[in-house]
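*Asks:* The residues making up each chain are set out below.
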Amino acid sequence: MTDLTSLTIAAARDKLANKEFTALELTEAHLEAMDKSKDLNAFITTTADLARARAKESDARFQRGTAGALEGIPLGIKDLFCTEGVETTAGSHILEGFKPPYESTVSQKLRDGGAVMLGKLNMDEFAMGSSNLSSYFGPVKNPWKAKNRDGDLVPGGSSGGSAAAVAGHLVMGATGTDTGGSIRQPASFCGIVGVKPTYGRCSRWGIVAFASSLDQAGPMTRNVRDAAIMLTVMCGHDPKDSTSAPLAVPDFEAALGQGVKGLRIGIPKEYRPEGLNGEVAALWDKGIQWLKAAGATPVEISLPHTKSALPTYYIVAPAEASSNLARYDGVRFGLRERGLLGDSLDSMYSKTRAAGFGTEVKRRILIGTYVLSAGYYDAYYLKAQKVRALIAKDFTDAFDKVDAILTPTAPTAAFGLDDKQDDPIAMYLNDVFTVPASLAGIPGASVPAGLNSEGLPLGLQVLTKRWDEETMFRVCQVLEEAANFPSLKARP
Amino acid sequence: MSYVIKGETGDWEVVIGLEVHAQVIAKSKLFSGASADFGAGPNTQVSFIDAGMPGMLPVINEHCVAQAVRTGLGLKAKINQRSVFARKNYFYADMPQGYQISQYDMPIVGEGMLILDMPDGGTRAIGIERLHLEQDAGKSIHDMHASSSLIDLNRSGVALMEIVSKPDLRTPEEAGIYLKKLRSILRYLGTCDGNMEEGSLRCDANVSVRPVGSVDLRTRCEIKNVNSVRFVMEAIAYEAQRHVDVYESGGAIAQETRLFDANKGETRTMRSKEMAHDYRYFPDPDLLPLEFDDAYVAKIKATLPELPDDKKARFITDYGLNAYDAGVLVADQDNAAYFEAVAKGRDAKLANNWVSSNVFAVLNARNVPITESPVSAKHLGRLLDLISDNTLSSRMAKDVFEIMIETGKDPESIVEAGGMKQITDTGAIEAAIDQVVAQNADKVAQYRAGKVQIMGWFVGQVMKATQGKASPALCSELLTKKLAP
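Chains as they are written, first to last, in my numbering: chain C, 1 to 492; chain D, 493 to 977.
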């Protein structure tokens, strides 16, 4: 059955429709793979029984001829999406044991499309991190290994469990969320495709909030077509999310295959800072050549406020997070650390939150609280909002001249799980190429484009203007074909 | 109305601003579909949004927006076509999100005005600073369990309008008049039921004092959540006197939040400035800026009722009422409608007398609103008609009115059944007069000797002889002739 886990979503979809195997068989194959790959720690919760039940329902729908767009496709759901009756932790001790009585809009759409959820994927606590090291439920291992050294690698983050599970063939695709790069960076680290759509494309309803003005759900898959198929199902207007756009959903898969002939591809000079990793720079140049060979025209562009993006992000995101995470107070759900009888309410709050949140989450709550405080608001939060507008304008201006922008996804390949990570700023630099698009709300995708000298994946990032995921997918597909990336085989 | 606190160092003036929280009349909450009704069982009207569950998002209730605009128009205020919801961050057990969604620097309604109707018949304009929409919190119950507080989230997320006055009020009485007038306008508009007992109208008072003649504002204290007009007035009077006492004994007033203890009639510290929250307001990223156009406002404006100030002016013009009487009548929309139904096509002053004294007295005694008056406007009107056409004397009309109160019957059938028709037949009255004159020769002599004030006594005797049915006017007229020397 192992070869079932090698299939792409597109292939499995066709074979299921042709009744070459059943949805239950496909699900069983993946459950088996999950079982054998427990060492990756990709899942926080597995839902094998539920998956089998849903797979059987899928088979029944195939029989009745009422199959959905993702009927019978085994997927993993990042543990940031609330799933009805299934524990949802956001990677945090403070939500341990929380079983939402509701289903997030995105995971509901996937369910409605017939997808089979295999479990809830590990992640950095509250999606805050770029390594999956901040999960309360332990780090995730990257299924890739460096050629010449031992030791496990991080999968990136925050959607690290999603990236590892997809790369390791435990699931055919997974949901991720991206606030500053949390889909794209782990996709790059794990050699898979990760798509952050335009802000407002996917509903945020039922996704545990990190930074509301930045959070977006997106698909993580082993190829571009699968991402297009998944995103088509995941997105669409949701009246329950005021920031969800009332726009029709394009058939993203239909946009594929159109090539890039005549497209102008922006190459932002600010993304080539002094000291940029040589292999990353070389791969980027290769990407430019591939697109040129396919008929596109590279155009050097400037995004002058790029250098301000990371500091801006690390004001805006923690500010929103400090407020979004205030609801974890021990009063209604999740962890409650009781003090002694007669202890004050404030004491319950501080004990619960001290025990429930990890170091990185606490750091960001403190940063966020600080930048919103009286006397600091103007200097930090307000200024950051102004800079954010300038960053967005950089992109608007650029897209007057070009149809898409090509950059590296991350400044490095995956680093070691045991590498000393005591400098938060160094960790934050992982997101340097992904954060600007998040601040601008534009779509971005990472495509695996090559391996470094250690044999580790590197991704290229494609950005387009708001609501133009179709062009993004076209460019991604051309890169994918040119790169002929050596994806991991299903694990033995 | 001048209100001066006499101190040893001189006279002090009080400066008052009120912040009123008015619960919006709406079926559902400001950002969720849960019911906003009062009085349901604990935690039965709570959506996942109201409970602050993970991943839940607010969606604005358009009706509440319309209600805020409507209220703004009623306060002759600037309507802001673009406003922004902001998060006010602080922790409390009955505030599930850990923040309240409110409006901060961009409220939906800007400056407006409210006219006070003063007891002397004059008016005074009080500035409105702003009106904004915000969520209510839930309710903590501390006295039902030995070691825990219980929480009811039914109220969590219910829409409130915070209406902030400028510091234009100068006396506790003005504050009371302001509150009553605001309540009256809200009720006219149908945007808040104004029920202070149920907490749908709550008041915070900002109070400071300054020497008469000074223009600078001194440190103010905020008295939170006072729940009746009388208590607001008492709290202000107490607080102002406290400030004066502190200043005069050489002390300083600390800016703080205080509570009013209605039992003791005093205010006391709730939170000092050092303990004050830093609310860390910022625009709520879950909500887009609230925007609407002129047409939206115009549509709401077209549905506004005639408001108390306009109605008052019309009552003065159309019915010849004085400003004070008109002000009393229009304070309540139902009272005003009742009056109009009675007064239309009749003697308006007579109608006002009957409504303002007789009807209101009955309502006060029974503690019922005018909509439940035992005497309908229609019946009262017909009673006045019976006075005008001389069927009844005023005196007899009062008797009929008493029966109307008890039975709810129409005046004609009461008159019919009781044979209470006024005697206007001069012959019958003259006969009675002759009898009284014949039996009281001494009184007649006194009258003729110049003691004309005993005329009333004669009228009384004639009325007695006719079982009160004689027309009093006709009696006096005929008696005057008969007794003439």
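Hints listed in this document are in silico derivations from the structure and should not be mistaken for laboratory results. Heads up, a few of these hints could be off.
[Said to hold, decoys possible] Dumping the calculated DSSO-like pairs for lysine-lysine here, alpha-carbon to alpha-carbon at most 30 angstroms:
1. Lys631(D) <-> Lys351(C)
2. Lys286(C) <-> Lys269(C)
3. Lys631(D) <-> Lys570(D)
4. Lys99(C) <-> Lys580(D)
5. Lys570(D) <-> Lys386(C)
6. Lys362(C) <-> Lys973(D)
7. Lys973(D) <-> Lys383(C)
8. Lys658(D) <-> Lys672(D)
9. Lys307(C) <-> Lys465(C)
10. Lys791(D) <-> Lys658(D)
11. Lys38(C) <-> Lys145(C)
12. Lys890(D) <-> Lys836(D)
13. Lys240(C) <-> Lys961(D)
14. Lys351(C) <-> Lys756(D)
15. Lys269(C) <-> Lys362(C)
16. Lys519(D) <-> Lys240(C)
17. Lys631(D) <-> Lys99(C)
18. Lys386(C) <-> Lys890(D)
19. Lys580(D) <-> Lys383(C)
20. Lys658(D) <-> Lys756(D)
21. Lys765(D) <-> Lys240(C)
22. Lys351(C) <-> Lys672(D)
23. Lys240(C) <-> Lys672(D)
24. Lys269(C) <-> Lys307(C)
25. Lys658(D) <-> Lys362(C)
26. Lys580(D) <-> Lys836(D)
27. Lys973(D) <-> Lys913(D)
28. Lys307(C) <-> Lys383(C)
[Unchecked claim] Partial pick of chain C residues on the chain D-facing surface, computed with a CB cut under 10 angstroms:
29. Thr45
30. Thr46
31. Leu80
32. Ala209
33. Val249
34. Lys292
35. Ala293
36. Gly295
37. Ser323
38. Asn324
39. Tyr377
40. Met427
A virtual CB, placed ideally from N, CA and C, is assigned to each residue, including glycine.
*Asks:* For each hint, tell me whether it holds in the structure or not.
*Replies:* Do the hints match the structure? See the list:
| no. | hint | result |
| --- | --- | --- |
| 1 | Lys631(D) <-> Lys351(C) | holds, 23 angstroms |
| 2 | Lys286(C) <-> Lys269(C) | holds, 16 angstroms |
| 3 | Lys631(D) <-> Lys570(D) | violated, 33 angstroms |
| 4 | Lys99(C) <-> Lys580(D) | holds, 28 angstroms |
| 5 | Lys570(D) <-> Lys386(C) | holds, 28 angstroms |
| 6 | Lys362(C) <-> Lys973(D) | violated, 102 angstroms |
| 7 | Lys973(D) <-> Lys383(C) | violated, 96 angstroms |
| 8 | Lys658(D) <-> Lys672(D) | holds, 17 angstroms |
| 9 | Lys307(C) <-> Lys465(C) | holds, 20 angstroms |
| 10 | Lys791(D) <-> Lys658(D) | holds, 29 angstroms |
| 11 | Lys38(C) <-> Lys145(C) | holds, 16 angstroms |
| 12 | Lys890(D) <-> Lys836(D) | holds, 21 angstroms |
| 13 | Lys240(C) <-> Lys961(D) | violated, 74 angstroms |
| 14 | Lys351(C) <-> Lys756(D) | violated, 38 angstroms |
| 15 | Lys269(C) <-> Lys362(C) | violated, 35 angstroms |
| 16 | Lys519(D) <-> Lys240(C) | holds, 18 angstroms |
| 17 | Lys631(D) <-> Lys99(C) | holds, 25 angstroms |
| 18 | Lys386(C) <-> Lys890(D) | violated, 75 angstroms |
| 19 | Lys580(D) <-> Lys383(C) | holds, 20 angstroms |
| 20 | Lys658(D) <-> Lys756(D) | holds, 29 angstroms |
| 21 | Lys765(D) <-> Lys240(C) | violated, 39 angstroms |
| 22 | Lys351(C) <-> Lys672(D) | violated, 46 angstroms |
| 23 | Lys240(C) <-> Lys672(D) | violated, 39 angstroms |
| 24 | Lys269(C) <-> Lys307(C) | holds, 11 angstroms |
| 25 | Lys658(D) <-> Lys362(C) | violated, 41 angstroms |
| 26 | Lys580(D) <-> Lys836(D) | violated, 52 angstroms |
| 27 | Lys973(D) <-> Lys913(D) | holds, 24 angstroms |
| 28 | Lys307(C) <-> Lys383(C) | holds, 15 angstroms |
| 29 | Thr45 | violated, 15 angstroms |
| 30 | Thr46 | violated, 21 angstroms |
| 31 | Leu80 | holds, 8 angstroms |
| 32 | Ala209 | holds, 7 angstroms |
| 33 | Val249 | violated, 20 angstroms |
| 34 | Lys292 | violated, 40 angstroms |
| 35 | Ala293 | violated, 42 angstroms |
| 36 | Gly295 | violated, 40 angstroms |
| 37 | Ser323 | holds, 5 angstroms |
| 38 | Asn324 | holds, 8 angstroms |
| 39 | Tyr377 | holds, 7 angstroms |
| 40 | Met427 | violated, 24 angstroms |
In terms of the numbered hints stated before, the structure departs from hints 3, 6, 7, 13, 14, 15, 18, 21, 22, 23, 25, 26, 29, 30, 33, 34, 35, 36 and 40, listed from lowest to highest.
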